[in-house]
Amino acid sequence: MLELRGLDKSFPGVHALSDVSLRFAAGEIHGLVGENGAGKSTLMRLVTGLMEPDRGEVWFAGRRVRFRNTRESMAEGIQLVQQEIQVIPESTVAENLMLDKLVTRGWGVLDWPAIHAQARKHLEVVGLSVPPETIAKALSAAQKRLLQIAKALAARTRLLLLDEPTSCLGPHETAGLHTLLRELKAQGIALIYVTHKLEEVFALCDRVSVLRDGHHVGTHPVAGLDHDRLVRLMVGREVRDDRVGLRPVSGAPEMLRVEGLTRRGRAHDISFTLRAGEILGCYGLVGSGRTETARLLIGDDRADAGRVWVRGKPVALRSVTERVRRWRLGYVSEDRKEEGLLLGFSVLANLTLTVWERLVNRWTRRIDPASERALGRHWVDALGIQCGSLENPVRNLSGGNQQKICLAKWLAADCAILIIDEPTVGVDLGAKEQIHRVIRDLAAREGKAILLISSDMPEMIQLAHRILVFRDRRIVGEVVGEGTSCRSAAEISEAIGHFLN
Amino acid sequence: METPALTARTASALSVTAPRGEWFSGRTNGLILSFTVLFCLLAVWSPTFLSGYTMFVLARQVAFYALIALAQALCLVVGGMNLSVGAIGSMATVLLGLGLDTWGLSPWLAVPMTLGFGLASGWLNGVLIARLKLDSFIVTLSMMFLYMGLRSGISGGQSYRVPDSFTWAGQSEFVGVPLVFLVAVVVLAVMAWIFHQTVFGRYLLATGGNATAARLSGVPTGRMVVWANVLSGGFASLAAVLWASQLGAAAPETGDTWLIVSFAVAIIGGTGLSGGVISAFGLLMGAAIFLLIKHGLVEVKANPYFANAFLGLLILLTVVVDRAREMYVERVRERDPRSRSRAGERIPEGYQAP
Numbered sequence: 001m002l003e004l005r006g007l008d009k010s011f012p013g014v015h016a017l018s019d020v021s022l023r024f025a026a027g028e029i030h031g032l033v034g035e036n037g038a039g040k041s042t043l044m045r046l047v048t049g050l051m052e053p054d055r056g057e058v059w060f061a062g063r064r065v066r067f068r069n070t071r072e073s074m075a076e077g078i079q080l081v082q083q084e085i086q087v088i089p090e091s092t093v094a095e096n097l098m099l100d101k102l103v104t105r106g107w108g109v110l111d112w113p114a115i116h117a118q119a120r121k122h123l124e125v126v127g128l129s130v131p132p133e134t135i136a137k138a139l140s141a142a143q144k145r146l147l148q149i150a151k152a153l154a155a156r157t158r159l160l161l162l163d164e165p166t167s168c169l170g171p172h173e174t175a176g177l178h179t180l181l182r183e184l185k186a187q188g189i190a191l192i193y194v195t196h197k198l199e200e201v202f203a204l205c206d207r208v209s210v211l212r213d214g215h216h217v218g219t220h221p222v223a224g225l226d227h228d229r230l231v232r233l234m235v236g237r238e239v240r241d242d243r244v245g246l247r248p249v250s251g252a253p254e255m256l257r258v259e260g261l262t263r264r265g266r267a268h269d270i271s272f273t274l275r276a277g278e279i280l281g282c283y284g285l286v287g288s289g290r291t292e293t294a295r296l297l298i299g300d301d302r303a304d305a306g307r308v309w310v311r312g313k314p315v316a317l318r319s320v321t322e323r324v325r326r327w328r329l330g331y332v333s334e335d336r337k338e339e340g341l342l343l344g345f346s347v348l349a350n351l352t353l354t355v356w357e358r359l360v361n362r363w364t365r366r367i368d369p370a371s372e373r374a375l376g377r378h379w380v381d382a383l384g385i386q387c388g389s390l391e392n393p394v395r396n397l398s399g400g401n402q403q404k405i406c407l408a409k410w411l412a413a414d415c416a417i418l419i420i421d422e423p424t425v426g427v428d429l430g431a432k433e434q435i436h437r438v439i440r441d442l443a444a445r446e447g448k449a450i451l452l453i454s455s456d457m458p459e460m461i462q463l464a465h466r467i468l469v470f471r472d473r474r475i476v477g478e479v480v481g482e483g484t485s486c487r488s489a490a491e492i493s494e495a496i497g498h499f500l501n
Numbered sequence: 001m002e003t004p005a006l007t008a009r010t011a012s013a014l015s016v017t018a019p020r021g022e023w024f025s026g027r028t029n030g031l032i033l034s035f036t037v038l039f040c041l042l043a044v045w046s047p048t049f050l051s052g053y054t055m056f057v058l059a060r061q062v063a064f065y066a067l068i069a070l071a072q073a074l075c076l077v078v079g080g081m082n083l084s085v086g087a088i089g090s091m092a093t094v095l096l097g098l099g100l101d102t103w104g105l106s107p108w109l110a111v112p113m114t115l116g117f118g119l120a121s122g123w124l125n126g127v128l129i130a131r132l133k134l135d136s137f138i139v140t141l142s143m144m145f146l147y148m149g150l151r152s153g154i155s156g157g158q159s160y161r162v163p164d165s166f167t168w169a170g171q172s173e174f175v176g177v178p179l180v181f182l183v184a185v186v187v188l189a190v191m192a193w194i195f196h197q198t199v200f201g202r203y204l205l206a207t208g209g210n211a212t213a214a215r216l217s218g219v220p221t222g223r224m225v226v227w228a229n230v231l232s233g234g235f236a237s238l239a240a241v242l243w244a245s246q247l248g249a250a251a252p253e254t255g256d257t258w259l260i261v262s263f264a265v266a267i268i269g270g271t272g273l274s275g276g277v278i279s280a281f282g283l284l285m286g287a288a289i290f291l292l293i294k295h296g297l298v299e300v301k302a303n304p305y306f307a308n309a310f311l312g313l314l315i316l317l318t319v320v321v322d323r324a325r326e327m328y329v330e331r332v333r334e335r336d337p338r339s340r341s342r343a344g345e346r347i348p349e350g351y352q353a354p
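First to last, the sequence lines map onto chains A and B. With the numbering used here as the guide, the letters of the first sequence map in order to residues 1 to 501. With the numbering used here as the guide, the letters of the second sequence map in order to residues 1 to 354.
Check each hint, because a few of them may be wrong.
As the list claims (entries may be wrong) - Subject to a maximum C-alpha distance of 30 angstroms in a straight line, what follows is the list of computed DSBU-like cross-link-like pairs (lysine-lysine):
(1) A:337 to B:294
(2) A:137 to A:197
(3) A:337 to A:313
(4) A:185 to A:121
(5) B:133 to A:137
(6) A:197 to A:101
Quick caveat, the hints were computed from the structure, so don't treat them as lab data.
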């Protein structure tokens with residue numbers, strides 16, 4: 001269906017794709033994997049006409065094609081479902097779906113009954129059972145994703161490219177999406193499936209192609225492949241991390257106790273305890289109450305009811321400032337760009353922001369530059385942050401290094417309790433490994449009490465000592481290790497799945 | 001991940017054009033250059049330009065512009081704006097006139113009362129913006145009309161007389177330099193120090209840099225917004241007091257031109273419109289450049305009725321040039337997604353926290 005011959009694309013200073021030749025067949029789900037910067041996005045852009053290759057040819061359905069924009073590739077039946085959910089929140093489902101093909105009665109007057117009827121038909125294809133008049137922002141993340149796919153399929157589609165379509169879906173919804181994709185495959189559509197979640201490759205794809213540093217390092221039938229081998233192909237070296245973290249931590253002092261914490265509409269009746277040196281996982285989907293609970297704990301949102309103790313002392317739920325200074329509670333946000341970093345500010349300022357007040361000379365009220373730099377230097381070295389100079393704006397850093405800075409500012413503030421929200425979203429495998437090691441060390445060596453929020457199941461299984469399962473703004477279950485024996489990863493995910501359904 | 005060697009090299013190369021200090025950044029050089037060119041042009045064009053008297057008058061005017069722009073920049077730096085700078089100035093002038101003329105108060109009472117009003121009106125703006133989470137645009141717009149109306153109603157458009165002793169501050173000099181200019185320079189220097197060296201200043205910058213991230217990092221962002229507005233009101237009223245002293249009368253129309261001046265000077269001086277960036281030296285330079293252009297228009301006998309059109313164009317030109325530079329930098333970065341710390345990187349200017 002689609003054939004790439006010797007595709008080459010360079011940007012100033014970067015050879016993004018070098019001599020990549022690939023074939024994608026109709027009626028096949030073809031996985032495309034690789035670390036961040038391996039060239040997956042560039043490849044997708046070249047196929048859909050968002051960019052043109054420096055060298056090489058794109059052949060589609062037996063013909064050489066040269067798309068100059070997505071309009072041209074769409075006309076040929078190539079549809080891209082982007083990673084970000086793109087819906088117009090204030091418009092209806094039908095309007096979102098039919099925006100580029102609105103039916104009129106002539107003179108530009110819209111024929112709403114016809115539009116809704118067609119929209120209903122397209123929604124049926126993806127099994128999305130909502131009325132077309134629904135306002136799009138009322139949909140769940142999974143429903144929005146389905147809406148996007150419905151939109152892509154509403155045209156005559158022969159090739160469907162999906163860029164991390166399950167990044168915001170839960171296990172149940174992911175399974176549903178996969179069923180849909182298999183049906184599309186049976187209809188003879190070619191699918192290219194880009195993902196970071198390797199378990200999805202094994203669950204869904206027929207063949208998988210691996211990109212590394214812009215090179216095509218191989219295409220393999222999934223049947224003859226195992227997880228470790230695939231990772232080795234992607235990273236180019238051995239990475240083994242199948243540890244299971246689940247085991248009880250006992251004897252250590254209790255750092256945080258939460259009882260009946262409630263904020264109507266956000267989190268209900270949240271109760272748990274957290275010990276020093278313990279990593280307590282909070283598993284659940286976006287909107288299940290995990291992040292909302294974190295916001296209550298750091299005092300960014302006011303609770304309607306409930307009590308919180310830090311190191312046995314009752315805590316009044318007040319401002320974030322007090323929470324940081326007095327109770328040494330740090331929060332690493334899930335959205336480091338919007339909520340974690342001052343992007344235009346230097347590495348140093350971002351690292352020491354939380355401790356400026358402690359670096360002040362008592363008489364002159366001046367922040368001591370020498371101790372500030374020393375502190376910044378210390379944490380850059382301690383976490384291996386690659387930033388060049390401390391004056392470099394954090395905007396210039398890679399995702400992994402930015403994430404380390406988000407962590408380091410709380411370590412600099414000497415926080416004893418850390419709430420870490422989705423620490424490895426959008427960082428590549430190498431950095432993910434490092435961040436996992438840092439989190440593990442913080443608990444094991446430094447005795448930090450860590451509340452780890454994540455919807456990445458393998459991450460949760462590897463790191464957490466206990467796992468709280470969130471659904472519908474409540475804690476619906478807790479998964480603990482039995483005695484001192486570690487349970488297997490499969491058992492743990494089964495247990496979590498049991499609570500979720 | 002970047003290669004550390006590359007990053008280190010580019011970073012040190014960049015720091016030649018933008019040393020960590022606050023006084024000279026890439027943008028600052030541009031300001032100094034523009035100022036020098038304008039200054040030389042005027043000196044050649046006009047035989048009276050270099051005279052002591054012209055210099056004295058211009059320096060005094062620069063001081064007012066810089067103070068007014070500082071009042072605006074303080075709100076811009078926390079990510080807001082203050083449309084009521086001029087209205088606060090006018091209202092403060094009327095209050096000063098009322099105190100000195102109508103009520104016959106001593107300047108020692110009337111001046112603190114006026115400054116107090118400035119601080120209080122700024123506080124009110126700040127509280128409405130930060131506590132009720134209202135938009136700074138709509139809050140300060142309403143306040144602008146409120147004070148404009150009050151000052152017209154109270155004064156009836158008439159200027160108030162001030163005692164001769166009161167004109168001392170605005171009219172005296174110190175070794176040939178107007179006292180007002182010295183006041184402005186000291187104020188700017190102190191603000192520069194605060195922004196660069198103190199927690200308070202850094203918190204103001206962080207609030208404008210990314211309010212959510214700052215709040216979640218324990219920065220009391222709400223309080224910072226209130227403080228920025230309090231200071232803004234304070235400096236607006238300080239400028240009003242000095243203006244009345246210089247003029248020898250409390251004229252109710254004092255602040256009418258301040259709004260546009262404050263934005264123009266702040267923008268030319270490199271204050272970030274989206275917050276987080278301010279340069280005290282830039283404000284002083286911006287004020288000087290703005291004034292030289294205005295003065296130049298008089299010298300070349302441009303039709304004064306068109307003067308505002310030139311100034312409007314000047315502001316537009318400044319933001320267009322700034323934006324063009326930003327877009328150029330973004331394009332360079334986009335074309336080059338992996339090594340993002342390469343040439344053309346936008347360097348935070350001015351008093352960005354080091």
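Hint by hint, here is what the structure shows:
no.: 1; hint: A:337 to B:294; verdict: violated (42 angstroms)
no.: 2; hint: A:137 to A:197; verdict: holds (27 angstroms)
no.: 3; hint: A:337 to A:313; verdict: violated (34 angstroms)
no.: 4; hint: A:185 to A:121; verdict: holds (19 angstroms)
no.: 5; hint: B:133 to A:137; verdict: holds (23 angstroms)
no.: 6; hint: A:197 to A:101; verdict: violated (34 angstroms)
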